[in-house]
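Trainee: Chains as they are written, first to last, in the numbering used here: chain A, 1 to 213; chain B, 214 to 296.
Calculated directly from the structure, the hints in this document are not laboratory data. Treat the hints with care, as some may be off.
The list that follows gives simulated cross-link-like pairs (lysine to aspartate or glutamate, DMTMM-like), each with its CA atoms no further than 25 Å apart [said to hold, decoys possible]:
1. LYS85(A) - ASP118(A)
2. LYS204(A) - ASP112(A)
3. LYS204(A) - GLU280(B)
4. LYS201(A) - GLU287(B)
5. LYS254(B) - GLU224(B)
6. LYS204(A) - ASP118(A)
7. LYS254(B) - ASP157(A)
8. LYS254(B) - GLU91(A)
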Amino acid sequence: MVEVAADDAQLVAAVRAGDEATFARIVDEWSGSMLRVAQIYVSSRAVAEEVVQETWLAVVRGLPQFEGRSMLRTWVFRILTNTAKTRAQREGRTIPFSALRDPARVPEPAVDPDRFLDAAHARWPGHWASPPTRWDTLPEERLLGDETRLVIERAIDELPPSQRAVITLRDVEGWSAEEVRNALEVSESNQRVLLHRARAKVRKAIEEYVEEP
Amino acid sequence: MSTVEALSCQEIVELVTDYLEGALEAEEHARVEQHLAGCTKCDAYLDQIRTTMRLVGRLDAASLPAETRHGLVEAFRSFTPRP
Numbered sequence: 001m002v003e004v005a006a007d008d009a010q011l012v013a014a015v016r017a018g019d020e021a022t023f024a025r026i027v028d029e030w031s032g033s034m035l036r037v038a039q040i041y042v043s044s045r046a047v048a049e050e051v052v053q054e055t056w057l058a059v060v061r062g063l064p065q066f067e068g069r070s071m072l073r074t075w076v077f078r079i080l081t082n083t084a085k086t087r088a089q090r091e092g093r094t095i096p097f098s099a100l101r102d103p104a105r106v107p108e109p110a111v112d113p114d115r116f117l118d119a120a121h122a123r124w125p126g127h128w129a130s131p132p133t134r135w136d137t138l139p140e141e142r143l144l145g146d147e148t149r150l151v152i153e154r155a156i157d158e159l160p161p162s163q164r165a166v167i168t169l170r171d172v173e174g175w176s177a178e179e180v181r182n183a184l185e186v187s188e189s190n191q192r193v194l195l196h197r198a199r200a201k202v203r204k205a206i207e208e209y210v211e212e213p
Numbered sequence: 214m215s216t217v218e219a220l221s222c223q224e225i226v227e228l229v230t231d232y233l234e235g236a237l238e239a240e241e242h243a244r245v246e247q248h249l250a251g252c253t254k255c256d257a258y259l260d261q262i263r264t265t266m267r268l269v270g271r272l273d274a275a276s277l278p279a280e281t282r283h284g285l286v287e288a289f290r291s292f293t294p295r296p
């Protein structure tokens, strides 16, 4: 934590001093996540790109006033979220609060219920009827190949935006659960529900692909 | 339902994320571990989820169009003090 804070202070100092390389680096490192978060609120990738651009311009203008009471990244994402919400309102788009606030309201099984024995089964209620196969015995190339990567990218693209944002931040970008919670303003349990569903769907897509004859 | 009743496989697949996140109560965590130790099918499922996380982690992050990025660096240059 202390190291992160020190890194952050250095980052802020460098950017404030006009260090272009550092600024370009954080634009490169953070914009991907920012696009995913913006897409929770706005309708298209193109609008999300505008939101991210607008955010960075606000960051550049606001840097002299940044007080360092939060991490730079937290501050940038707060500006992003506000910018995206304003844009969504202007678009006349309802912000999908329920998707972030109450994802558990609509149940979504991680695995097709048909793959389990009935709850009333005499001996093995709720046990696997059609169990998963082991992937660690597959040729590594099958999992690491370009086609599998495309399957995974497509599966992520097809997720609801809030699930897509959470799996991107956690599993692509390697953010902690707490960072995601702060950036998306979601509760700990809702963050987990979104992550759970996202991973389950991507798993299913990989399964369908690697097990097709 | 008694607290010592074993979890079914269908329950396990819904607890996997909470389990990996360390978000379960100690007793529930122990029940999941106990199930996984005795169920090769759920163990395979957990392995699939871990592999999924690893494969997702290999993806490239999305990026801004080059001209947008270029414009931002230009804006940065014009807004910040030159040494």
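Trainee: If a hint holds in the structure, say so; if it does not, say that too.
Mentor: Hints and how they fare:
1. Using a Cα cut-off of 25 Å, the hinted pair LYS85(A) and ASP118(A) is violated, with the two alpha carbons roughly 44 Å apart.
2. As the CA atoms of LYS204(A) and ASP112(A) are separated by approximately 9 Å, the hinted pair is consistent with the 25 Å bound.
3. Distance hint between LYS204(A) and GLU280(B) is unfulfilled; the C-alpha atoms sit about 37 Å from each other, more than 25 Å.
4. About 41 Å separates the Cα atoms of LYS201(A) and GLU287(B), which puts this hinted pair outside 25 Å; it is violated.
5. Between LYS254(B) and GLU224(B) the CA atoms are separated by roughly 13 Å; this keeps the pair inside 25 Å, and the hint holds.
6. Of the pairs offered as hints, the one joining LYS204(A) and ASP118(A) holds, with about 21 Å between alpha carbons and a cut-off of 25 Å not exceeded.
7. Simply put, LYS254(B) and ASP157(A) have alpha-carbon atoms about 29 Å apart, too far for the 25 Å limit, and the pair is violated.
8. With a CA separation close to 48 Å, the supplied pair LYS254(B) and GLU91(A) exceeds the 25 Å bound.
Figure legend: structure checked against the earlier numbered hints; hints not met, in rising order: 1, 3, 4, 7, 8.
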